[in-house]
Amino acid sequence: MFKDPFDPSILLGKGCSCGGNHAEADHARLTAAATPAGEEGRWNRVVDAAVLRAVFPVDAQRRQFLKTVGRATAMAAISSVLPLGLAREAFAQGGALEKKDLKVGFIPITCATPIIMAHPMGFYSKHGLNVEVVKTAGWAVIRDKSLAKEYDASHMLSPMPLAISLGVGSNPVPWTMPAVENINGQAITLAMKHKDKRNPKDWKGFRFAVPFDYSMHNYLLRYYVAEHGLDPDKDISIRSVPPPEMVANLRADNIDGYLGPDPFNQRAVYDGIGFIHLLTKELWDGHPCCAFTVSKEFATQNPNTYRALLKSIIDATAYAHKAENRKEIAKAIAPANYLNQPETVLEQILTGTYADGLGGVKKDPNRIDFDPFPWNQFAVWIMTQMKRWGQLKADVDYAKVASEVYLATDTAAMMKDMGLTPPDPSKKTIVVMGKPFDAAKPDDYIASFAIRRS
Amino acid sequence: MATLKNSLGLRASLLSLLIFAAILGLWQIATMPTAATGPAVDPEYAKLVGNAAATGTKSSMPTPADIAVTIWGHLTDPFYVRGSNDKGIGIQLAYSLGRVLLGFGLAALVAVPLGFLIGMSPLVYRALDPFIQILKPVSPLAWMPLALYTIKDSAISSIFVIFICSVWPMLINTAFGVASVRKEWLNVARTLEVGPFRTAFKVILPAAAPTIMTGMRISIGIAWLVIVAAEMLVGGTGIGYFVWNEWNNLSIANIVTAILLIGLVGLALDQGLARITKLVTYPE
Numbered sequence: 001m002f003k004d005p006f007d008p009s010i011l012l013g014k015g016c017s018c019g020g021n022h023a024e025a026d027h028a029r030l031t032a033a034a035t036p037a038g039e040e041g042r043w044n045r046v047v048d049a050a051v052l053r054a055v056f057p058v059d060a061q062r063r064q065f066l067k068t069v070g071r072a073t074a075m076a077a078i079s080s081v082l083p084l085g086l087a088r089e090a091f092a093q094g095g096a097l098e099k100k101d102l103k104v105g106f107i108p109i110t111c112a113t114p115i116i117m118a119h120p121m122g123f124y125s126k127h128g129l130n131v132e133v134v135k136t137a138g139w140a141v142i143r144d145k146s147l148a149k150e151y152d153a154s155h156m157l158s159p160m161p162l163a164i165s166l167g168v169g170s171n172p173v174p175w176t177m178p179a180v181e182n183i184n185g186q187a188i189t190l191a192m193k194h195k196d197k198r199n200p201k202d203w204k205g206f207r208f209a210v211p212f213d214y215s216m217h218n219y220l221l222r223y224y225v226a227e228h229g230l231d232p233d234k235d236i237s238i239r240s241v242p243p244p245e246m247v248a249n250l251r252a253d254n255i256d257g258y259l260g261p262d263p264f265n266q267r268a269v270y271d272g273i274g275f276i277h278l279l280t281k282e283l284w285d286g287h288p289c290c291a292f293t294v295s296k297e298f299a300t301q302n303p304n305t306y307r308a309l310l311k312s313i314i315d316a317t318a319y320a321h322k323a324e325n326r327k328e329i330a331k332a333i334a335p336a337n338y339l340n341q342p343e344t345v346l347e348q349i350l351t352g353t354y355a356d357g358l359g360g361v362k363k364d365p366n367r368i369d370f371d372p373f374p375w376n377q378f379a380v381w382i383m384t385q386m387k388r389w390g391q392l393k394a395d396v397d398y399a400k401v402a403s404e405v406y407l408a409t410d411t412a413a414m415m416k417d418m419g420l421t422p423p424d425p426s427k428k429t430i431v432v433m434g435k436p437f438d439a440a441k442p443d444d445y446i447a448s449f450a451i452r453r454s
Numbered sequence: 001m002a003t004l005k006n007s008l009g010l011r012a013s014l015l016s017l018l019i020f021a022a023i024l025g026l027w028q029i030a031t032m033p034t035a036a037t038g039p040a041v042d043p044e045y046a047k048l049v050g051n052a053a054a055t056g057t058k059s060s061m062p063t064p065a066d067i068a069v070t071i072w073g074h075l076t077d078p079f080y081v082r083g084s085n086d087k088g089i090g091i092q093l094a095y096s097l098g099r100v101l102l103g104f105g106l107a108a109l110v111a112v113p114l115g116f117l118i119g120m121s122p123l124v125y126r127a128l129d130p131f132i133q134i135l136k137p138v139s140p141l142a143w144m145p146l147a148l149y150t151i152k153d154s155a156i157s158s159i160f161v162i163f164i165c166s167v168w169p170m171l172i173n174t175a176f177g178v179a180s181v182r183k184e185w186l187n188v189a190r191t192l193e194v195g196p197f198r199t200a201f202k203v204i205l206p207a208a209a210p211t212i213m214t215g216m217r218i219s220i221g222i223a224w225l226v227i228v229a230a231e232m233l234v235g236g237t238g239i240g241y242f243v244w245n246e247w248n249n250l251s252i253a254n255i256v257t258a259i260l261l262i263g264l265v266g267l268a269l270d271q272g273l274a275r276i277t278k279l280v281t282y283p284e
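Going down the list, the sequences are from chains A and B.
For the first sequence, position 133 (counting from the first letter as 1) is numbered 133 according to our numbering, and the numbering increases by one without interruption.
For the second sequence, position 181 (counting from the first letter as 1) is numbered 181 according to our numbering, and the numbering increases by one without interruption.
Treat the hints as calculated values from the structure; they're not laboratory data.
Take these hints with a grain of salt, some might be off.
Said to hold, decoys possible - List of simulated lysine-lysine pairs, DSS-like, C-alpha gap at most 30 Å:
#, chain 1, residue 1, chain 2, residue 2
1, A, K362, A, K400
2, A, K296, A, K311
3, A, K362, B, K152
4, B, K152, A, K103
5, B, K47, A, K327
6, B, K152, A, K281
7, A, K149, B, K47
8, B, K152, A, K100
Just so we're clear, the structure is a prediction, and the values are computed from it rather than from any experiment.
Could you build all of it, start to finish, from the sequences and the hints given here?
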């Protein structure tokens with residue numbers, strides 16, 4: 001089944017296609033003995049393995065530790081600090097669903113594609129769930145409705161579960177983010193009249209909109225202008241505007257531009273109101289944007305439902321990742337019940353062949369991509385920006401908060417179970433505008449910026 | 001006299017029609033699609049953008065004809081359900097009306113007895129006056145975050161907002177109506193040794209009824225104004241959600257349709273209460 005990380009002498013190289021340390025031909029004979037009997041045993045082992053790998057991401061260290069203390073002691077030591085029983089329970093295979101009828105809130109933007117498409121395309125029902133996807137008016141409302149338990153799970157901006165857990169902008173409630181929805185997929189749109197002002201140094205006095213204070217949009221826009229020497233709090237103004245109002249405000253000349261989610265960048269082009277200055281992919285290729293989130297309470301009280309729901313989302317995300325499926329998805333999510341947008345707008349966003357608003361047709365298949373893995377490094381980067389801009393005043397244990405909120409271990413285990421290959425949680429390089437980020441040294445990173453509030 | 005009155009009514013209707021036609025005409029002229037004047041664009045690019053953007057202009061307001069088509073589309077199929085986020089305009093109006101009537105009904109249940117009490121007792125009137133004066137001018141939508149936070153249910157929160165906005169006019173009008181019942185009538189009742197409850201129901205209530213009804217008419221007008229905004233904030237169902245959802249799609253034609261329907265329903269509510277007011281009015 002999986003490599004046994006509790007065996008310090010196991011070979012790291014390729015063996016059997018199952019990942020085990022034996023020849024392909026011996027697979028059946030060996031695994032029959034090695035795999036604990038029954039589904040539950042198998043699951044327990046998978047969870048334990050995932051936790052151990054998360055604690056010791058470096059193989060050499062794990063081996064050293066195991067050789068020194070032995071397998072049973074290692075397990076006991078880890079379970080004394082981590083709620084292994086709980087994690088095992090959550091992954092217990094075959095349990096009945098505690099709750100079948102669920103409500104999942106979403107904001108009508110393409111970032112929510114996996115959450116939305118899972119409804120018309122049957123990913124929820126495939127996992128035995130009857131989900132109602134509810135369109136919601138704005139981020140503050142979706143936060144309040146989630147806190148009020150009107151929604152069982154919801155689409156949020158990836159900084160929001162961190163902000164909620166930390167109690168920034170609301171009362172602290174433990175919130176978790178088992179999956180990222182989309183990576184990339186945002187853009188800076190400017191009003192037509194600024195088509196000659198492509199250098200941010202000329203943007204002094206511009207009025208910008210972002211969807212929410214706690215959004216990647218806000219942090220990326222601030223980062224971008226600050227790299228060009230503008231202080232985002234003094235030289236430009238940034239206000240929080242719900243995405244659908246961005247196009248209307250741009251048209252009415254209330255703002256000069258926005259760093260917003262699609263479809264509203266492409267929609268401004270479609271209506272001849274603005275042009276796409278750049279895609280956020282050009283700032284940080286592979287940045288997270290929106291997230292699938294549940295409260296810790298929901299996940300612990302309904303472990304089987306939680307697992308089925310997360311599987312539906314990972315399933316849908318994997319489907320959306322494939323370029324050949326994108327046109328079909330655009331058609332599925334365009335109706336008034338979901339995004340309520342012209343199909344051609346969604347198709348341009350999802351396929352990456354798009355009109356830039358200045359008369360050119362650009363091709364970038366990775367304009368938006370879908371990848372569920374909630375890298376803890378993402379969370380640390382987001383928290384450094386919260387600190388950098390003074391949203392987060394207190395000292396914070398970056399790694400601890402990141403791992404409590406961004407459930408990389410759960411997602412990895414789930415992906416494995418579904419036949420997908422999860423990435424190695426320790427191996428993530430983040431480069432924003434050419435500057436590398438080391439998640440192990442967040443404070444040094446903040447201090448390295450000239451323009452900052454803390 | 002009668003002929004003059006008739007001819008005045010007739011002339012007024014004619015003038016109304018004329019104004020309407022003029023507005024439509026101006027609108028049509030202002031929004032007529034202009035011939036393509038912008039630079040010719042790549043046909044591949046033109047396929048990806050709207051008609052206006054393809055000719056180098058912004059998309060424009062829909063013409064009255066476009067809107068008529070949209071309205072017809074909604075009126076011929078008002079009760080469709082295509083999923084939980086896409087329901088016909090008739091269903092959305094019914095949701096909004098339901099919320100308004102519920103919130104308004106609850107407000108009436110509270111405001112009329114309380115107004116009676118305030119109107120009959122100068123002491124209570126003075127004691128409650130500062131609260132009423134401070135709470136009355138607060139925009140009902142300002143209560144929304146507080147309601148969502150404390151009630152923790154968006155459906156009940158929007159009903160609460162309707163309740164809080166319709167309670168004040170009814171309360172104040174009831175108190176005023178009760179307080180200004182003519183002293184002579186009360187004295188007659190006292191002379192005839194009528195009990196206090198009987199006085200309240202047989203003398204004060206009929207005397208104050210027209211003022212109370214006026215308060216209710218003001219309240220329902222405000223409630224209908226507020227529900228649209230509240231539903232735009234909270235979403236889910238209702239005509240306010242419909243407007244918000246079409247705003248998302250920048251569909252002006254659908255928004256204009258909704259505006260017209262909101263106006264018509266508001267008119268109907270107001271006229272309904274005006275009828276009831278007429279029933280309880282008495283000649284002095």
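Exercise for review: Against the earlier hints, flag every one the structure doesn't satisfy and list their numbers going up.
Suggested key: 1, 3, 6, 7
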